[in-house]
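Chemist: The primary structure of each chain is shown beneath.
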Amino acid sequence: MRKCSIQNLDAVFSKIAEEAKLYIPQDSEKGTDYKEWTDGAVLSNSLNTNRSPKDFFFPQTENLMEFKTSGKEIEIIDNRDEMEDFVVFGVRACDVKSFEILDRVFLVEPYDSYYANRREHGVIISMACTRPVETCFCQTFGIDAANPEGDIVCHKTENDVFFNAVTEKGNALMERLKGVTEDADSSEVDAQIEKTHEIMKKLPLANLTADKFGADKTNEFFDAPQWKELSQSCLGCGTCTFVCPTCQCYDIKDYNTGHGVIRFRCWDSCMYSDFTKMAHGNSRNSQLERFRQRFMHKLVYYPTNNDGLFSCVGCGRCLAKCPISMNIVKVMKTLGGKDNE
Amino acid sequence: MNNREETLIPKLGVITDVRIDTPDVKTFRVVTPDGKKAFEHKPGQCAMLSIPGVGEAMFSITSSPTNTEFMEFSIKKCGCVTEWLHQAEVGQQITIRGPYGNPFPVDDAFKGQDLLFIAGGIGLAPLRSVINYCRHYRDNYGKIDIVYGSRSKDDLVDYDEIINEWVKDDGIDVHLTIDNEQEGWDGHVGFVPNYVKELGFDTNKTVIICGPPIMIKFTLQGLIEMGYDKTQVYTTMELRMKCGIGKCGRCNIGSKYVCKDGPVFRCDELEELPDEY
Amino acid sequence: MQKVTCDTLVAKACELLENGTVDRVLGWKNGEFVYDVTPALFTTVDDIKSEFVFNDFCGANFSKYLIEETRKTESKVLVFLKPCDTYSFNQLLTEHRFDREKVYAVGIPCEGMADITKVKAAAGDGITAIKAEGENLVISTLYDDDKAVACADVLAERCVVCKSKKHVAYDELLGEDGDVIDSNRFDEVEKLEAMTEDERFAFWQNELSRCIRCNACRDVCPACTCEKCVFDNPESSVVNKAISDSFEEKMFHIIRAFHVAGRCTDCGECSRVCPQNIPLHLLNRKFIKDINSFYGEYQAGAEAGSRAPLVDYTTEDIEPTDAVLKGASDNA
Chain A
1 MRKCSIQNLD AVFSKIAEEA KLYIPQDSEK GTDYKEWTDG AVLSNSLNTN
51 RSPKDFFFPQ TENLMEFKTS GKEIEIIDNR DEMEDFVVFG VRACDVKSFE
101 ILDRVFLVEP YDSYYANRRE HGVIISMACT RPVETCFCQT FGIDAANPEG
151 DIVCHKTEND VFFNAVTEKG NALMERLKGV TEDADSSEVD AQIEKTHEIM
201 KKLPLANLTA DKFGADKTNE FFDAPQWKEL SQSCLGCGTC TFVCPTCQCY
251 DIKDYNTGHG VIRFRCWDSC MYSDFTKMAH GNSRNSQLER FRQRFMHKLV
301 YYPTNNDGLF SCVGCGRCLA KCPISMNIVK VMKTLGGKDN E
Chain B
342 MNNREETLIP KLGVITDVRI DTPDVKTFRV VTPDGKKAFE HKPGQCAMLS
392 IPGVGEAMFS ITSSPTNTEF MEFSIKKCGC VTEWLHQAEV GQQITIRGPY
442 GNPFPVDDAF KGQDLLFIAG GIGLAPLRSV INYCRHYRDN YGKIDIVYGS
492 RSKDDLVDYD EIINEWVKDD GIDVHLTIDN EQEGWDGHVG FVPNYVKELG
542 FDTNKTVIIC GPPIMIKFTL QGLIEMGYDK TQVYTTMELR MKCGIGKCGR
592 CNIGSKYVCK DGPVFRCDEL EELPDEY
Chain C
619 MQKVTCDTLV AKACELLENG TVDRVLGWKN GEFVYDVTPA LFTTVDDIKS
669 EFVFNDFCGA NFSKYLIEET RKTESKVLVF LKPCDTYSFN QLLTEHRFDR
719 EKVYAVGIPC EGMADITKVK AAAGDGITAI KAEGENLVIS TLYDDDKAVA
769 CADVLAERCV VCKSKKHVAY DELLGEDGDV IDSNRFDEVE KLEAMTEDER
819 FAFWQNELSR CIRCNACRDV CPACTCEKCV FDNPESSVVN KAISDSFEEK
869 MFHIIRAFHV AGRCTDCGEC SRVCPQNIPL HLLNRKFIKD INSFYGEYQA
919 GAEAGSRAPL VDYTTEDIEP TDAVLKGASD NA
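Residue numbers (our numbering), protein chains in the order written: chain A, 1 to 341; chain B, 342 to 618; chain C, 619 to 950.
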């Protein structure tokens, strides 16, 4: 384990940025977001970013290919480039877990080379939480906020930041940071983790469990009468989907630039009325069906296909952002019954 | 990076023949620009065709895998991609990627079985691949019955092939029907589900069914009444798809993705899915 | 702190449900943490007594829900409307979007709603409880001692510049009615007008580039009531999804602002729901300010059935070319 003082963190950032683009969470009056580090940038102390770091691997829109047409002929232009290395610093435990959930979609055969390219070139430096908030429920999904995964795992104490390289990528980067960090023992970190664990127990959602849900529970919940009441004021917008670190549905569209056609993909939402619309009908006509699809996917369908792993990491973004404050916690409590708390 | 294959990036295809099947169905023959088949497939699998600037759509491959020269797609005009294709002329390039989805189990569960194909309208398109495959490997299968119906004689897809080839084969019985009486038609008149009941097949057959949802529903009911079990019946589904590889989420029903876990399902498997198709 | 209490609303809802005036109630339902209330439809007295809530976080405007609600049955639905909600209510009536006979509207006074982001900034993260005491909110958190914050200091932006405490539509009023307020809500617009063109472009570029196209602003907007939005119509030339660095992306907000011009009541729901904190209301407010200066003062929704200047031709109307010039000089 290595450490550096908080005052010297800039030297670490500067060292990382010498060879790779570095993104750190930064505050503005609009909240916290990952932004590229430049000299003088200040690391945010807040817990969550507005948008999740899934953007680094699965951006809101990305160009897949281009076409040029002339007469009856078409030229297909594969404009994929080798990605440059980049480093994302300060990723929380919940968001790090979301990468595993996305990997299980994009990196299974036939794998998605656009996503894979970014994953291969991205280094994740996570940051353990010390001040979880009321909307946090990562514990529900077995995630330890005080002990994140990542290529390098960081812990911030009052005066220092501790670095623990976990993966090969992490070790390689840590090697470069030798000059700006010093050896450290883990006692201070261990004490910090214990302290955070004590706080975790006091969180309002500390006892929320997902035990009632999981693989092969489709029949148990699909026709539950509660979906009606849960979905009745849903606006059908895509806020929950787009701030969610694990939602990965997408659309593929063509854009005519006037000089050719760009085929791009962009985030899509199963909450949208046109998501399943076909030329001759729609398999999910009501908002109830669309709402149910999103939560069933996270709590039942995804686990069925992924060894029981839930497609929610308890980051709490949807709790904070839904225009009508409807969210997965309310769904779980309503469908799971009172003893689900 | 560029040498890594990306399934979302299609190949070029050229339309080398356009056959008018019915007033709203055309069959397109497609090869690569150097005149070869774009890829190998199995009966029941699909391919994603696109025209840049118009869009991409999934179609079942209607030619048999045993055809070594080209692929065919029978396409009904019903959306922007299909409308564009219907205007396309021979020589037009398109893009093609695939094959996608699970095929019919022609080389295992179907082997040695008597097969009963039931199709309605454009529903014959995905079955044509299977029928011609079974005709090619005739010894692998028992008796073959084909029940095919559509609104009128003019709406029967592949009519020439049915009349000139299928009906002449030994061990194949073709039963055609149209919804209403029509001049020049001396065959059966009536809906497919009723016709199947009238024909009263032995219940030892393996059934492959494709057509409008309402036809499938009533035919399946009829088959059950006749004594069939759902495990004997296979069908192929159609849902909106974008990626074709089980990632974009569009064709997700329950824990299944139609594009990769289907489009071919056995009816008892379908029953386990939530009713959203 | 709200002057009308939750108990008063609960009693009124139960009374109207029990005497058969209505058979369902649109209200706010309590959530996990005081501030995350959800619009809900109540059909029983028991549910209302146990789950109905009214506090400083009941910002949601119910007017738009009435469109779907009044299509369901022939019976009446009870809706609680804050003063600003009544403007949206009237505007929807003007556009014949719901059947007035199927609604029983109860006006409730509003002291302004709190913005949870401001509350968190004032009291710290990890909120465990919020209690209204007099003019203050007393906030308990996981990390600090309880803190009293003046309600006035954590008011939502739209409430700071509240345009009216007067209810412009109701069947029954709880408490006393207020007055239209001579608010300074156009100050922010004037700041934008005072910018140079480049500065203003940079301002909107920065704001709109954060948009994630979730459509929440459109979906919550009481003026966006098209049966099928042009952005959801694949046949239209504008699409809902676009390459994010293309100008197409900005078009969504610009087109939407034009579509609701003259009909937007300035309820502020668009900015409230934006997950990216984009001040979308400023686009609409600029249109309102321009309409006022071109055609004379007009408040959409102030009067049901009123004809908005943009859909009402008079010979005194400003010439379009003059309007362009005047708009440009305002922006100078």
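If you're looking for bench data, these hints aren't it; they were derived computationally from the structure.
Computed from a predicted structure; not experimentally measured.
There could be a bad hint or two in this list.
Within a straight-line C-alpha distance of at most 27 Å, the following computed DSS-like cross-link-like pairs (lysine-lysine) qualify [what the hints assert, rightly or not]: (1) B:418 <-> A:277; (2) B:377 <-> A:277; (3) A:72 <-> B:377; (4) B:377 <-> B:417; (5) A:169 <-> A:201; (6) C:667 <-> A:228; (7) A:72 <-> B:601.
Chemist: If a hint holds in the structure, say so; if it doesn't, say that too.
Modeler: We went through each hint and held it up to the structure:
Of the pairs offered as hints, the one joining residue 418 of chain B and residue 277 of chain A holds, with about 17 Å between alpha carbons and a cut-off of 27 Å not exceeded. Our distance criterion of 27 Å between C-alpha atoms is broken by residue 377 of chain B and residue 277 of chain A, whose separation comes to about 35 Å. With a C-alpha separation of about 18 Å, the suggested pairing of residue 72 of chain A with residue 377 of chain B holds against the 27 Å cut-off. For a cut-off of 27 Å, the pair hint linking residue 377 of chain B to residue 417 of chain B stands: about 25 Å separates their Cα positions.
Proposed proximity of residue 169 of chain A and residue 201 of chain A is contradicted: the alpha carbons are some 33 Å apart, above 27 Å. The hinted pair formed by residue 667 of chain C and residue 228 of chain A meets the criterion: a straight-line CA distance of about 20 Å does not exceed 27 Å. A hinted pair counts as satisfied when its Cα atoms are at most 27 Å apart, and residue 72 of chain A with residue 601 of chain B does not qualify at roughly 32 Å.
Comparing the model with each earlier hint shows violations of hints 2, 5 and 7; every other hint is respected.
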